[in-house]
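Engineer: Make a model of the complete structure from these sequences and hints.
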Amino acid sequence: MDRAQSRVFFVDIKMPYDENLVRVETEKKRKYLDLAHEVTDTWHLESTETIPIVISANGLIPVSLAHYLTRLGFRGSSLAARMQKVVLLDPARIVRRFLSLSTCPPARLASPAGVLSSARSKYVFM
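Just so we're aligned: 96 in the UniProt record's numbering is position 96 of the sequence shown, and the numbers increase by one with no gaps anywhere.
Source of the hints: derived by calculation from the structure; they are not laboratory data. Incorrect hints may appear among the rest.
[Said to hold, decoys possible] Heads up, simulated PhoX-like pairs for lysine-lysine below, C-alpha to C-alpha not over 25 Å straight-line:
id, residue 1, residue 2
1, 14, 29
2, 31, 14
3, 28, 14
4, 31, 85
5, 14, 85
[Unchecked claim] Label-pair distances were calculated between CB atoms; the ranges are:
id, residue 1, residue 2, range
6, 63, 9, 40 to 46 Å
7, 70, 6, 18 to 24 Å
8, 7, 99, 45 to 51 Å
9, 44, 92, 44 to 50 Å
10, 72, 95, 28 to 34 Å
11, 31, 85, 26 to 32 Å
12, 9, 78, 16 to 22 Å
The structure presented is a predicted model; accordingly, all values stated were derived computationally and were not measured. For each residue, glycine too, the CB sits at the ideal point set by N, CA and C.
Structural biologist: So, in C-alpha cells, the structure goes:
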C-alpha cells in the first residue's frame, strides 16, 4: 500500500507450465477485479492495481514482467533474470540433494521383535 499516493497493489505470484503462461496472467488480473473495486470504495483510495508475477516452471517470463516489477519499484530486468535463475537452479539443487541421499548406507529399521535389522531401500528418509 502506498499511502502517499493513496493506492494499493495486489500482487499474485504463479508458476504455471509454459503453454499456460499468457492465460494465467490474464486470469490473475481478472481474479482480483471485484476485490480491487471494493477496496477502492471501502478505503477511499485513488486506485488499486493487480500485478501478476508469472514465471513458467522452465524459466519463461512474459514480456510484461519487467513492467510490473518496475511498477513495484524494482529494477525489472535484473530481478527478472534472478527469478529465472532461481527457477532453473533450485530444482537441480533438490535433485542433487536427493541423489546424494540415495548413496547413503542402508537404513536401520526396527523389526516387530524390537531387534534392529538392516534393510536395503531405494529411498532414505531423514
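Engineer: The structure should be examined with respect to each hint, and the outcome stated for every one.
Structural biologist: Taking the hints in turn, this is what the structure says about them:
1. 14 x 29: 12 Å, holds
2. 31 x 14: 13 Å, holds
3. 28 x 14: This hinted pair holds, its Cα atoms lying about 9 Å apart.
4. 31 x 85: Not OK: residue 31 and residue 85 at ~28 Å, beyond 25 Å, violated.
5. 14 x 85: 16 Å, holds
6. 63 x 9: 40 to 46 Å: Violated, at about 20 Å.
7. 70 x 6: 18 to 24 Å: The hinted range 18 to 24 Å holds for residue 70 and residue 6, with Cβ atoms some 20 Å apart.
8. 7 x 99: 45 to 51 Å: Since residue 7 and residue 99 have Cβ atoms about 48 Å apart, the given range 45 to 51 Å holds.
9. 44 x 92: 44 to 50 Å: Given range 44 to 50 Å: holds, Cβ gap about 48 Å.
10. 72 x 95: 28 to 34 Å: 32 Å, holds
11. 31 x 85: 26 to 32 Å: Hint holds: Cβ distance 28 Å, inside 26 to 32 Å.
12. 9 x 78: 16 to 22 Å: Given about 20 Å between the Cβ atoms, the range holds.
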